[in-house]
Amino acid sequence: IALMKAMGASGKILLLAEDHERTAIKSFRNMKGVIASNLGQANTYDVLWADTVIMSRGTLDLGQSAPRGTDAHAAQQRERMGNDAPVPAAAAPAETAPAATTSDTEGEEE
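With the working numbering, letter number 87 in the sequence shown gets 88, and the count goes up by one each step, no holes.
Hints in this document: simulated from the structure, not taken from any laboratory. In this text, a Cβ means the ideal position worked out from N, Cα and C, and glycines have one as well. Any given hint could be a false lead.
Derived DSS-like pairs (lysine-lysine); straight-line CA-CA distance at most 30 angstroms [what the hints assert, rightly or not]:
1) 6 / 33
2) 27 / 6
3) 33 / 13
4) 13 / 27
Pairwise CB distance ranges (calculated) [what the hints assert, rightly or not]:
5) 12 / 45: 26 to 34 angstroms
6) 45 / 3: 17 to 25 angstroms
7) 54 / 31: 28 to 36 angstroms
8) 48 / 20: 17 to 25 angstroms
9) 59 / 30: 14 to 22 angstroms
10) 33 / 9: 26 to 34 angstroms
11) 9 / 50: 25 to 33 angstroms
12) 8 / 50: 29 to 37 angstroms
13) 25 / 48: 25 to 33 angstroms
14) 13 / 40: 15 to 23 angstroms
15) 11 / 31: 24 to 32 angstroms
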């Protein structure tokens with residue numbers, strides 16, 4: 002509570018931390034008017050609900066990192082967590098929908 006007062010946080014508070022900061026998440030989770038979550042589990046409702054959003058430094062870095070599922074993201078995770086940390090495999094590329102042909106759009110009004 003003293004930390005939040007020192008930061009000037011008031012109202013409903015959303016605390017976002019990294020996965021390995023579980024102790025902080027658990028500590029804040031029991032406080033009234035606080036949602037504590039890791040960045041990957043927070044949703045739009047949580048952000049809109051909050052009057053104040055507090056993010057750990059690591060969470061800010063994650064927000065500026067490469068998209069999840071890319072090789073660049075995996076490299077950033079290994080660098081941040083140490084080279085021995087398990088990193089999820091990159092996601093398979095999405096399939097591209099076939100392009101529309103003239104016959105697909107005939108008869109449509111503009």
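Hint-by-hint comparison with the structure:
About 14 angstroms separates the Cα atoms of residue 6 and residue 33, which keeps this hinted pair within 30 angstroms; it holds. Between residue 27 and residue 6, the direct Cα distance comes to roughly 19 angstroms. Compliance with the 30 angstroms bound is thereby established for this hinted pair. The straight-line distance between the Cα atoms of residue 33 and residue 13 is roughly 9 angstroms, inside the 30 angstroms bound, and the hint therefore holds. The suggested pairing of residue 13 with residue 27 holds, with an alpha-carbon distance near 17 angstroms, which does not exceed 30 angstroms.
For residue 12 and residue 45, the Cβ-Cβ distance of about 18 angstroms falls outside the hinted range of 26 to 34 angstroms, so the restraint is violated. The beta-carbon spacing between residue 45 and residue 3, approximately 30 angstroms, falls outside the hinted interval of 17 to 25 angstroms. Between residue 54 and residue 31 the beta carbons are some 19 angstroms apart, a value that contradicts the proposed interval 28 to 36 angstroms. Between residue 48 and residue 20 the Cβ separation comes to about 19 angstroms, which falls inside the hinted range of 17 to 25 angstroms.
For the hinted restraint 14 to 22 angstroms between residue 59 and residue 30, the CB-CB distance of approximately 18 angstroms keeps it satisfied. About 19 angstroms separates the C-beta atoms of residue 33 and residue 9, a value inconsistent with the hinted range of 26 to 34 angstroms. Evaluation of the 25 to 33 angstroms hint for residue 9 and residue 50 yields a failure: the beta carbon distance comes to about 19 angstroms. Checked against the hint of 29 to 37 angstroms, the C-beta distance between residue 8 and residue 50 comes to roughly 19 angstroms, which is inconsistent with it.
Checked against the given bound of 25 to 33 angstroms, the beta carbons of residue 25 and residue 48, roughly 18 angstroms apart, lie outside it. A hinted range of 15 to 23 angstroms for the beta carbons of residue 13 and residue 40 is consistent with their spacing of about 18 angstroms. Separated by about 19 angstroms at the C-beta atoms, residue 11 and residue 31 break the suggested range of 24 to 32 angstroms.
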